[in-house]
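Asks: With the hints as constraints, model all of the structure from the sequences given.
Number of protein chains: 4
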Amino acid sequence: MNEDNSALSTQHSELDQWWPSRYGARDQLGTLNEITPAKVVAAARLVRAGTTYDLGRTLHADVPRFEGRYWQQTLVSSAHIINPRKPGGVPHSAGSGQAGGWGRNRVNWVTELVTGTLQIGTHLDGLNHLQIGDRFYNGYRLEEIAEEWGTSKLGIETVPPIVTRGVLADIARYRGVDRLQPGQVVTVADLEGALRAEGVAVEPGDVLLLHTGWGVLWDEDPTRYTSGEPGAGMAVAEWLVEHRVAMTGADTWSFGAVPGEDPERPFVVPQTLNVRHGLFIMENLDTAALAAARVYEFMFVLTHHKTRGSTASGIAPAAVV
Amino acid sequence: MNEDNSALSTQHSELDQWWPSRYGARDQLGTLNEITPAKVVAAARLVRAGTTYDLGRTLHADVPRFEGRYWQQTLVSSAHIINPRKPGGVPHSAGSGQAGGWGRNRVNWVTELVTGTLQIGTHLDGLNHLQIGDRFYNGYRLEEIAEEWGTSKLGIETVPPIVTRGVLADIARYRGVDRLQPGQVVTVADLEGALRAEGVAVEPGDVLLLHTGWGVLWDEDPTRYTSGEPGAGMAVAEWLVEHRVAMTGADTWSFGAVPGEDPERPFVVPQTLNVRHGLFIMENLDTAALAAARVYEFMFVLTHHKTRGSTASGIAPAAVV
Amino acid sequence: MNEDNSALSTQHSELDQWWPSRYGARDQLGTLNEITPAKVVAAARLVRAGTTYDLGRTLHADVPRFEGRYWQQTLVSSAHIINPRKPGGVPHSAGSGQAGGWGRNRVNWVTELVTGTLQIGTHLDGLNHLQIGDRFYNGYRLEEIAEEWGTSKLGIETVPPIVTRGVLADIARYRGVDRLQPGQVVTVADLEGALRAEGVAVEPGDVLLLHTGWGVLWDEDPTRYTSGEPGAGMAVAEWLVEHRVAMTGADTWSFGAVPGEDPERPFVVPQTLNVRHGLFIMENLDTAALAAARVYEFMFVLTHHKTRGSTASGIAPAAVV
Amino acid sequence: MNEDNSALSTQHSELDQWWPSRYGARDQLGTLNEITPAKVVAAARLVRAGTTYDLGRTLHADVPRFEGRYWQQTLVSSAHIINPRKPGGVPHSAGSGQAGGWGRNRVNWVTELVTGTLQIGTHLDGLNHLQIGDRFYNGYRLEEIAEEWGTSKLGIETVPPIVTRGVLADIARYRGVDRLQPGQVVTVADLEGALRAEGVAVEPGDVLLLHTGWGVLWDEDPTRYTSGEPGAGMAVAEWLVEHRVAMTGADTWSFGAVPGEDPERPFVVPQTLNVRHGLFIMENLDTAALAAARVYEFMFVLTHHKTRGSTASGIAPAAVV
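As given, the protein sequences belong to chains A, B, C and D, one line each in that order. The first sequence begins at 1 in our numbering and counts up by one. The second sequence begins at 1 in our numbering and counts up by one. The third sequence begins at 1 in our numbering and counts up by one. The fourth sequence begins at 1 in our numbering and counts up by one.
Bear in mind the hints are in silico, worked out from the structure with no lab data behind them. Hints may be right or wrong, so weigh each one.
[As the list claims (entries may be wrong)] Under the rule of at most 25 Å between Cα atoms (straight-line distance), these lysine to aspartate or glutamate pairs were calculated in the DMTMM-like manner:
no.	chain 1	residue 1	chain 2	residue 2
1	B	Lys153	B	Glu143
2	A	Lys39	A	Asp54
3	D	Lys86	C	Glu67
4	B	Lys86	A	Glu261
[What the hints assert, rightly or not] Taking CB as the label site, the calculated pair distances span:
no.	chain 1	residue 1	chain 2	residue 2	range
5	A	Gly199	B	Asp178	47 to 55 Å
6	A	Glu242	C	Thr223	54 to 62 Å
7	A	Ala293	D	Asp62	39 to 47 Å
8	C	Asn33	A	Glu144	37 to 45 Å
9	D	Phe66	C	Asn33	37 to 45 Å
10	A	Ala25	B	Asp178	33 to 41 Å
11	C	Thr187	A	Ala25	49 to 57 Å
12	A	Ser227	C	Pro91	43 to 51 Å
13	C	His243	D	Thr51	19 to 27 Å
14	C	Pro91	B	Pro20	20 to 28 Å
15	D	Asp16	B	Thr187	56 to 64 Å
16	C	Arg22	A	Thr223	47 to 55 Å
17	B	Arg85	A	Ser227	18 to 26 Å
18	B	Gly24	A	Ala25	54 to 62 Å
[Said to hold, decoys possible] Going by beta-carbon spacing under 7 Å, a handful of chain D positions derived as facing chain A:
no.	residue
19	Tyr70
20	Gln72
21	Ser78
22	Ile81
23	Thr115
24	Glu143
25	Ala146
26	Glu148
Note that the coordinates shown come from a computational prediction; the quantities given were computed from them, not determined experimentally. Note that beta-carbon positions come from the ideal geometry of N, C-alpha and C, so glycine has one too.
Replies: And the structure:
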């Protein structure tokens, strides 16, 4: 397939109707339909060493973030003050060297309060996050599904636990660099070249992860990290759809180069994947250990927390070999 | 082993020092140390049908909850108003039947804001949640590890992704009831009887889940759900430790009967497991489908979101067969 | 003036353009323009006894509230744990009977975290809260003034401190009841009758408060409190505008009867006052003590907290005589 | 009185019991007891021009703040999407140029969600904020008054509306500088000199405000603003108590020089005023306009929002002449 023509045709058709989805007119699962029971069984067969790689980053108030996105957590230790005065409580007794609590077992607890946006840190976007105009995947409209608390369709709770084959395409290694540059577009040639060099082929239902090396800036230079990013171009987006990939993601804060191929179409790569094709994207993955270990094929597992009607879930998927 | 004596001895020794842990004086992993690479490989071998059971409940503002615990989510759709007026934005044009957005691709997005406590819904407790007096697992003290944003040790981010063998003990079925009663104590005889009836044996490194049937009240009667619960007694807690179980959990809001065996020792079961033994507990699991399908042995997978220094993580683990 | 005709004409003209305001095309102050320096001086002259009445209710998590509105506050006492270990910190020393803290002065502090909506409790609505379609007071459009953090015009920070003459119209007393009924419409005859009975006349720039008696349910029966309310009809709304009242408010959760005069026009009374006339409204006032003391004329003072671009501010105005 | 001896004696007695308060053993009002009805009446007599000065700053996410303190506000405009589909709702009709809403009056609304700490921006501290060890004003102990949601005594809701005489001491002008330096201690000589130059005397029940000029950095250099501050020394603190001042405050983020007179006693000035004497403090006041206008005597009004058990309230008091 000619990449340029493909990208062009996408642009020319951008006002056309893209729904119903090939998975059915009311489908909300999108490309996760590609993960069959046989796929799950085959993925489990890839586990031979019992080694697990954690692909998620720890979230805290100071992670790289955008205007309007934030995360705050506050320790709540008031139970240590309140429990000793409950019926059956034991006071913090001076002299004994022992702290009090509730009951003869002197139980206490610590909790926390969190406030923030779910679109932060390592996360999975729901198909209710991005739109073309006011329409989502399968043509759902915002005016139909918006509620005060979230959306009544396509929320992150519609995404089931994921167990499937995972593939890492180490684009940085293929290009012979530590990390790609911001705005640098990953081409189909890059992707296919990297996979060939790794000796793995992408199959329907796979999760395909891109390692660009950009993720090293997460800790090293948070401001630069969010100032731009390398990433897939529209041709790679088409390729993912054609290869019936179930999910994708990279070690970047969005998916697709920023600045992008076409300055007049901001975030068109994730928008196209989510809205037109129902293809799920993970952001801010930590692929460094996997790339360093040259692990290119693995059982991918993702069991995310489900909050009703949310556009994202903070995640920490694992690669198991 | 004599259950009564075991429980008694636990109580008599409750002011004794319980650290260092058998996993080392500075260990933070607790019983997760029992999950070896061989265990991971063996767990993956249990996947033969490719069927996945979701053990997590969807969180929203109206789930059963306690005084002081809450969850609020608010849809944020202001990008639909702001994007059309950005440079390159397309207005919501009257007449065309098409909504505007940013760029020629008219991109828009929806996000959300969340506020609440992590100790709510289906969640995994960190070893920094419960204390005896002011001490945690391995003798860590609150005054050493408290920070404004959480705890500097034992936070939920120290818990790695979990892949191991899972076992469900259907106590309700063994007892011949739909659900156990609040305050009803699960005994070692119940547990061993249920496992025998199921034809499965618990091995070191397993995740052992208890199905009490109480979880059906989550949706049916939220107020009653939190008013009490059936659950493991202290003898079962000892049994879990002796059998080197890696994690446990049930279809209840805490772990252990409420009201408990000893009214003078509130929450002594989870306190003992967490603090003395470093044994992890999951709460509010949805074990109904697993029990209905009589699936008693499975690959257990849990990849939870990691927030720094938190005492819990909202989860939705999966059982895969 | 014929009330029915007035109300009717308002309805007939409801699709007409209502801007620019009589206070100028870019004005954001609305009826607060009526408060002149002379008005401030005259108001201060009303203070003869030095008695202050607090018109605000205390906000907490359990006050009457609507779907989607909430308020949560959490005590944060972690400084008591952290301060003693700071450089120069004094430990909580066993035996001395004294708690530690930071420095030789053993300083500690308690703080709190709040999350919620500003549209709750006793509050002043900004002119950026209600709209007709997408237009605010003076024709400002949502698409022009919406930002992620609030609105760039008409926010509550544009409201200055208020010192002016206040008048209480005790409608309940005039009608000879403890409290009016939900849906009961306060008429111009009620209002003028009550003022005549009190011997006070409304002048331009006054703050006019209505006592309906409904506020007693705030504490007594929170659910009933929000299930409906008595209040001003459209004719009273017109009267307030004609009399150039600067602000109004009542002991109810909105302003105007609920259910209202016209079931096809929900919240048309506050909408008309805010949007067409720039007349400010306070909600959930506590007018009981003022009514009981038969204080009908006073210096009204309101110094509210200013948060940028907010649609409301929690308030506790005072009546001083 | 000899300043040095006074300060010294304070330090020597710092472990002594300071309660009960001179206002009574269970008093929670502290120095606000000094504001008598006669004081209120006299304050109102100071209003001759009808000019109002706003002493509060507008709060937003980017104001100067400390580690752990924050403020976030998010616009909520979902009603514009939801209202048109309610029963009786009018759709956003293409072609008519008019936006829809709920009812024939097409009502819509905008709200917001806020999250943050109350100890930020221009605010009044409650007497439940600072402690010596674990004790507050009048000897109240944290273990007695802490609740999950705040404190059961001394909360900001116990503070009534304030109307009294206000005095501004322009220390910067007296010292002949635009602004004092960080760590620069305001002495009794400075204070008395400034008041003498202004021709005003402080009386019991007054609110005394200090203008140091430091506040100009609030907008100009937020980072420097919070890096230190000029302010009252311990001798001025004693002076305020002796003169029975009802409240004080300055154009700084705390009250008292930072770094302070005694490096071993952090925040001892506000701690002493709050805890030992029940004297209220306002922080981050905007005194610039008042100082520029050379207004030194005025009616001070403060009607703050009351949230249950809070340690602070965001405020915007006014000076009226």
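Asks: Against this structure, judge whether each hint is valid.
Replies: Status of each hint after checking the structure:
1. For the hint linking Lys153 of chain B to Glu143 of chain B, the alpha-carbon distance of about 11 Å falls within 25 Å, and the restraint holds.
2. Of the supplied pair hints, the one linking Lys39 of chain A and Asp54 of chain A holds, its CA atoms being roughly 21 Å apart against a limit of 25 Å.
3. A threshold of 25 Å between alpha carbons decides the hint, and for Lys86 of chain D with Glu67 of chain C the separation of about 15 Å falls inside it, so the pair holds.
4. The hinted pair formed by Lys86 of chain B and Glu261 of chain A meets the criterion: a straight-line CA distance of about 19 Å does not exceed 25 Å.
5. As the Cβ distance of Gly199 of chain A to Asp178 of chain B is approximately 54 Å, the hint placing it in 47 to 55 Å holds.
6. Between Glu242 of chain A and Thr223 of chain C the Cβ separation comes to about 57 Å, which falls inside the hinted range of 54 to 62 Å.
7. As the Cβ distance of Ala293 of chain A to Asp62 of chain D is approximately 42 Å, the hint placing it in 39 to 47 Å holds.
8. The hint said 37 to 45 Å for the Cβ distance between Asn33 of chain C and Glu144 of chain A, and at roughly 43 Å that hint holds.
9. About 39 Å separates the C-beta atoms of Phe66 of chain D and Asn33 of chain C, a value consistent with the hinted range of 37 to 45 Å.
10. Hint check: Ala25 of chain A to Asp178 of chain B, Cβ distance near 39 Å, so the stated range 33 to 41 Å holds.
11. Between Thr187 of chain C and Ala25 of chain A, the C-beta spacing of about 55 Å keeps the proposed range 49 to 57 Å intact.
12. Separated by about 46 Å at the C-beta atoms, Ser227 of chain A and Pro91 of chain C satisfy the suggested range of 43 to 51 Å.
13. Restraint check, His243 of chain C to Thr51 of chain D: a C-beta distance of roughly 25 Å satisfies the suggested window 19 to 27 Å.
14. Our hint of 20 to 28 Å for Pro91 of chain C and Pro20 of chain B holds, since their Cβ atoms are close to 24 Å apart.
15. In this structure the hint that Asp16 of chain D and Thr187 of chain B lie 56 to 64 Å apart at CB holds, the actual value being about 58 Å.
16. The hinted range of 47 to 55 Å is satisfied by Arg22 of chain C and Thr223 of chain A, whose Cβ atoms lie roughly 49 Å apart.
17. Take Arg85 of chain B and Ser227 of chain A: their Cβ atoms lie about 24 Å apart, and the range 18 to 26 Å holds.
18. Distance hint check for Gly24 of chain B and Ala25 of chain A: the Cβ-Cβ separation is about 57 Å, which falls inside the suggested range of 54 to 62 Å.
19. For Tyr70 of chain D, the interface hint holds, since its Cβ comes within 7 Å of a Cβ in chain A; the closest pair sits about 6 Å apart.
20. Given the 7 Å rule on beta carbons, the hint for Gln72 of chain D holds: about 6 Å separates it from the nearest Cβ of chain A.
21. The beta carbon of Ser78 of chain D comes within 6 Å of a beta carbon in chain A, closer than 7 Å, and the hint placing it at the interface holds.
22. Hint status for Ile81 of chain D: holds, given a least beta-carbon distance of 4 Å to chain A, under 7 Å.
23. Because the smallest distance between the Cβ of Thr115 of chain D and any Cβ of chain A comes to about 4 Å, under 7 Å, the interface hint for this residue holds.
24. Evaluation of the Glu143 of chain D hint against chain A yields a held restraint, the C-beta minimum of about 5 Å falling below 7 Å.
25. Taken as an interface hint, Ala146 of chain D checks out: its beta carbon lies about 4 Å from the nearest beta carbon of chain A, inside 7 Å.
26. Using the Cβ-Cβ criterion of 7 Å, the hint placing Glu148 of chain D at the interface with chain A is satisfied: the shortest such distance is roughly 6 Å.
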